[in-house]
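Q: The chain contents come next:
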Amino acid sequence: MSPPPAAPRAIRSARVARLARPGALLALLVIAAVFPLVVTNALDTQFAVDTLIYVAAVAAWNLFSGYSGYISLGHAVFFGSGAYTVGLLTEHWKVAGGTIFWLLPLAGLVAAAIAVPFGLIALRVRRHTFVVITIAIFFIFQLLAYNLSFTGGNQGISSPFFLWSAQNYNNPFYYVALILAVGTIALSWLIRHSRFGLQLLAIRDDEDRARGLGVRAMRVKLAAFVISGGITGMVGGLWWFFIGQALPETAFNPIFDVTVALMAFLGGFGTLAGPVLGALILEPLQQWVAITFTNGYTGEIALGVLFLLVILVLPRGIVPTGRELATSWQARRTRRRGGPGAPSGAAPPGSPAVPSPSPSGASSASGGGVQ
Amino acid sequence: MGRELTEAIIDGILGGGVYALMAVGLTLIFGVLDIINIAQGILVVLGAYLSYVLAVHLHIDLFVGLLVTVPAMFLVGITIQWAFIRPLRGRERTSMSLLATYAVAIIIEGVLYIIFGANYVNLNSWYVTTGPRVFGFYLDYIYIYGFLLAVVLVAAIYVTLYRTQFGRSIRATMQDHTAARLVGINVNRVQMLTFGIGVAVTAAGGMVFGATGGGFNPNTGYDLISRLLAIIILGGLGSIAGAMIAAIFMITLEGVVDVLWSPSWSVVVFYIALVLVLAFRPQGLLGRKEVRAQ
Amino acid sequence: MTALLRTAGVTKAFGGVQALRECTVEVAEGSIAGLIGPNGSGKTTLFNIITGYERVDRGEVWLGGRPITNHPPDRVFAAGIGRTFQLTRVFSRLTVMENMIVAAQHAERGHGWLRNPLARAGGPATRRRAGELLEFTGIAGHAGALAETLSYGQRKLLELSYVLMADPAIVLLDEPAGGVNPTLITTIADRIRQLNEQGTTFLIVEHNMDFVMGLCHQVTVLDYGTAVVTGPPGVIRTDPRVLDAYLGTAEDGDEAP
Numbered sequence: 001m002s003p004p005p006a007a008p009r010a011i012r013s014a015r016v017a018r019l020a021r022p023g024a025l026l027a028l029l030v031i032a033a034v035f036p037l038v039v040t041n042a043l044d045t046q047f048a049v050d051t052l053i054y055v056a057a058v059a060a061w062n063l064f065s066g067y068s069g070y071i072s073l074g075h076a077v078f079f080g081s082g083a084y085t086v087g088l089l090t091e092h093w094k095v096a097g098g099t100i101f102w103l104l105p106l107a108g109l110v111a112a113a114i115a116v117p118f119g120l121i122a123l124r125v126r127r128h129t130f131v132v133i134t135i136a137i138f139f140i141f142q143l144l145a146y147n148l149s150f151t152g153g154n155q156g157i158s159s160p161f162f163l164w165s166a167q168n169y170n171n172p173f174y175y176v177a178l179i180l181a182v183g184t185i186a187l188s189w190l191i192r193h194s195r196f197g198l199q200l201l202a203i204r205d206d207e208d209r210a211r212g213l214g215v216r217a218m219r220v221k222l223a224a225f226v227i228s229g230g231i232t233g234m235v236g237g238l239w240w241f242f243i244g245q246a247l248p249e250t251a252f253n254p255i256f257d258v259t260v261a262l263m264a265f266l267g268g269f270g271t272l273a274g275p276v277l278g279a280l281i282l283e284p285l286q287q288w289v290a291i292t293f294t295n296g297y298t299g300e301i302a303l304g305v306l307f308l309l310v311i312l313v314l315p316r317g318i319v320p321t322g323r324e325l326a327t328s329w330q331a332r333r334t335r336r337r338g339g340p341g342a343p344s345g346a347a348p349p350g351s352p353a354v355p356s357p358s359p360s361g362a363s364s365a366s367g368g369g370v371q
Numbered sequence: 001m002g003r004e005l006t007e008a009i010i011d012g013i014l015g016g017g018v019y020a021l022m023a024v025g026l027t028l029i030f031g032v033l034d035i036i037n038i039a040q041g042i043l044v045v046l047g048a049y050l051s052y053v054l055a056v057h058l059h060i061d062l063f064v065g066l067l068v069t070v071p072a073m074f075l076v077g078i079t080i081q082w083a084f085i086r087p088l089r090g091r092e093r094t095s096m097s098l099l100a101t102y103a104v105a106i107i108i109e110g111v112l113y114i115i116f117g118a119n120y121v122n123l124n125s126w127y128v129t130t131g132p133r134v135f136g137f138y139l140d141y142i143y144i145y146g147f148l149l150a151v152v153l154v155a156a157i158y159v160t161l162y163r164t165q166f167g168r169s170i171r172a173t174m175q176d177h178t179a180a181r182l183v184g185i186n187v188n189r190v191q192m193l194t195f196g197i198g199v200a201v202t203a204a205g206g207m208v209f210g211a212t213g214g215g216f217n218p219n220t221g222y223d224l225i226s227r228l229l230a231i232i233i234l235g236g237l238g239s240i241a242g243a244m245i246a247a248i249f250m251i252t253l254e255g256v257v258d259v260l261w262s263p264s265w266s267v268v269v270f271y272i273a274l275v276l277v278l279a280f281r282p283q284g285l286l287g288r289k290e291v292r293a294q
Numbered sequence: 001m002t003a004l005l006r007t008a009g010v011t012k013a014f015g016g017v018q019a020l021r022e023c024t025v026e027v028a029e030g031s032i033a034g035l036i037g038p039n040g041s042g043k044t045t046l047f048n049i050i051t052g053y054e055r056v057d058r059g060e061v062w063l064g065g066r067p068i069t070n071h072p073p074d075r076v077f078a079a080g081i082g083r084t085f086q087l088t089r090v091f092s093r094l095t096v097m098e099n100m101i102v103a104a105q106h107a108e109r110g111h112g113w114l115r116n117p118l119a120r121a122g123g124p125a126t127r128r129r130a131g132e133l134l135e136f137t138g139i140a141g142h143a144g145a146l147a148e149t150l151s152y153g154q155r156k157l158l159e160l161s162y163v164l165m166a167d168p169a170i171v172l173l174d175e176p177a178g179g180v181n182p183t184l185i186t187t188i189a190d191r192i193r194q195l196n197e198q199g200t201t202f203l204i205v206e207h208n209m210d211f212v213m214g215l216c217h218q219v220t221v222l223d224y225g226t227a228v229v230t231g232p233p234g235v236i237r238t239d240p241r242v243l244d245a246y247l248g249t250a251e252d253g254d255e256a257p
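Residue numbers (my numbering), protein chains in the order written: chain V, 1 to 371; chain A, 1 to 294; chain H, 1 to 257.
Be aware that a few hints might be false.
Claimed, not checked - Not close to chain H: a few residues of chain V, all C-beta gaps over 10 Å, as computed:
1. ALA33
2. VAL34
3. VAL38
4. LEU89
5. THR90
6. TRP93
7. LYS94
8. THR99
9. TYR175
10. SER194
11. PHE196
12. LEU201
13. VAL215
14. ALA273
Unchecked claim - So, partial list: chain V residues that the calculated Cβ filter (under 10 Å) puts toward chain A:
15. ILE121
16. ARG124
17. LEU308
18. LEU312
19. PRO315
20. ARG316
Rather than coming from a laboratory, the hints here were simulated on the basis of the structure.
Computed from a predicted structure; not experimentally measured.
Note that CB positions come from ideal geometry on N, CA and C, so glycine has one too.
Go ahead and model the full structure; you've got the sequences and the hints to work with.
A: Right under this line is the structure:
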């Protein structure tokens, strides 16, 4: 007749677990917010800005590719378009000072506009072909950047040197990058739990079945593509302001997309936190490789080896592997306790009542779909 | 103008044959392994460098050297597949193979840079710079020999595919892995060997490309792979005939645009042609319409 | 009897293979109809054609008097035909409840996809109905589990459940008893009977003779792509044409059982 000793402890730990996640996130945000005020070394803040740029780029990429399952290796198209857009606008409108950041939404709009025809063509093909067509379009854009006159050809577009004090020069860039990164992550979270996101994920799992159930696949995919492209465009614009120069091979850089994809896979393709984690790990690693291997070619080899290691050692990515380890560890614990926690899978005996016909037909007026 | 145009077309067809050879290997790999080998471009360059070493340091004729380079590249292909492709599992196999082969590509590129440096080199021989006059056009022998080589090798591939037991295994695997296993085909082995074959043809392609491409260095791999990808997509992934037709068509088109319009735009036309075809025919010229479960 | 679903003279060939020849099948409204026949007789192809996954070469498909020939799958689904697959298709990386919500798209469409695309997936009415259906099929306990963690039988139940989300007039079941343990088969048969009593029509492809004969009001036999005989189970069981279809006649050189 003794009460199970595990119960109160289980309840307490569950409550702690529920508080832990938002608490940890809040702590992270606070740390990120005060980081540049505490760490004033310019090299460190520059490095932080680079990392945040990649975090934002990966989050935007994952929003489309991770959730739809269509791997894009052409997002550099948006990145570069955003960069050139703000570059050209800055040149022509003679924008200066803090107002430059107001140009970013324009970069996003231009990139989003490009995403529409891009997506309409590319999203009609199966996934294997889709990857290659994104690569093809990427090359078109890079070639256009080289050949068109207004893009400055080989010289690209350079920015006038900015414009606020040299001390803490990186800080405005840091905060804008932080806003972009956090905003994109928040948007990803919202989408993940929304109807729109559910349809995307269903498309990822079984597109034809989803279509058969009434999901408007093209619309959903295109919407995600445009959003993802638009954000990537803004990231590209910010990058241009930060670096101060856009060349065809740097703004439309083939390594960009591969790096972004690799970060997503490292962290856990398709998860929410995975790609961010991947960026936070891989970007510093890349910087380290660049610094350690001063010979560009050995650096390239090191990068390739790094990529291979990631792919072969952690094929599923950190987050899913971590989850698996956690659940199997948890299962071992409950088994050892002889716990009553294991859920039963048997169907209830007897005949349950047949559910009443769906109210869907009649309730269209009640707006039942909106929560 | 008409003369230049005709010359461009002839050159395009002959040159397209070489690209066809490299593209067939790539599409074969896709058909059997369901992966896109991004490293194909740099492997062509590697094949070219191998021919270069044999020719310059050992004075071995380019075509004779193929007897060494083709088996060598075959082994390289098998090794890559066994070490980096086969271990890949799971849902996202195709995407991961893309990243893996990309990683392999940049490693090979780095190694080639270190060994050979960034200078452009050429493959040379008596038949590269001389040629007969045909109907008033100058044709370098290398183009003719290269085209013939391509024809011979593609024919060999066809014969293998359609007349041998091994070829039947390949075709069965292309259709359905599970069914192939059920009838006793060692799918792993077929995949490994097919990858080897797909890479081996790059040795031949590399040699001819190195002799006709106007100079190459490790960076040439990027341009090559992007063209090869466009070609196999246009032809239809997995379709060998499609790859050949697309190769000849694209290279000829590029040559024509080069003459009619401008060299810097001819490359862009390459990709625009691809995008246009896919806009109207998503499966490529000879590809099959596939269900999209995954 | 009014035929709710009717195919008329449906003909379909794949390359050199004639999958269906002048296939005419009728399903009475409110009945449970069975579709049997040897492998290759065209049963799944007929399903694919009815539900829009294949196009006819010739012939028509009618649902309650309206033609639905060659309509795409989503239109057929919206018209009131639900369908399960031989190889169960569920959305593996979504939870059971999310699978149910996806199938409710038709209900939620027009409720502001554009007005509020970030609305939480699945409104209260949808979730309530999903919960009821999951209780009915007995997998409600797994509502929060990823579909890929379900057992084979549970997946079949899930597929049936989400097809029912749209409250279809007729449900096409492709081998619902295939590879499932006997207890579950009985459960599935009971559920079908209950739903049928509430008015849902069924057309079932099955190889399990006991299942079909014990459940269906009317059985149609397909052979070489055409309907050979139709009738109540008792009649079908003893019709020589059925044995012929399954075993072949002596002239074909087949061995006697």
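Q: The structure should be examined with respect to each hint, and the outcome stated for every one.
A: So, going through the hints one by one against the coordinates:
1. ALA33: Nearest chain H Cβ is 25 Å from ALA33 (chain V), so the label holds.
2. VAL34: Its Cβ never comes within 10 Å of chain H, the nearest being 30 Å, so this holds.
3. VAL38: VAL38 (chain V) clear of chain H: closest Cβ-Cβ about 35 Å, beyond 10 Å.
4. LEU89: Answer for LEU89 (chain V): holds, closest chain H Cβ roughly 30 Å.
5. THR90: 33 Å, holds
6. TRP93: 33 Å, holds
7. LYS94: Given that every Cβ of chain H is farther than 10 Å from that of LYS94 (chain V), nearest at about 38 Å, it holds.
8. THR99: Given a closest Cβ separation of 30 Å, the condition holds.
9. TYR175: 25 Å, holds
10. SER194: 4 Å, violated
11. PHE196: With a cut-off of 10 Å, PHE196 (chain V) comes too close to chain H, as the shortest Cβ separation is near 4 Å.
12. LEU201: Not fine: 6 Å to the nearest Cβ puts LEU201 (chain V) too close to chain H.
13. VAL215: About 5 Å separates VAL215 (chain V) from the closest Cβ of chain H, which leaves it inside 10 Å; violated.
14. ALA273: 16 Å, holds
15. ILE121: Since the shortest Cβ distance to chain A is 5 Å, the answer is holds.
16. ARG124: It holds, given that the least Cβ distance between ARG124 (chain V) and chain A is near 5 Å, below 10 Å.
17. LEU308: 5 Å, holds
18. LEU312: Holds. Min distance 6 Å.
19. PRO315: 6 Å, holds
20. ARG316: Holds - the Cβ of ARG316 (chain V) comes within 10 Å of chain A, reaching about 6 Å at its closest.
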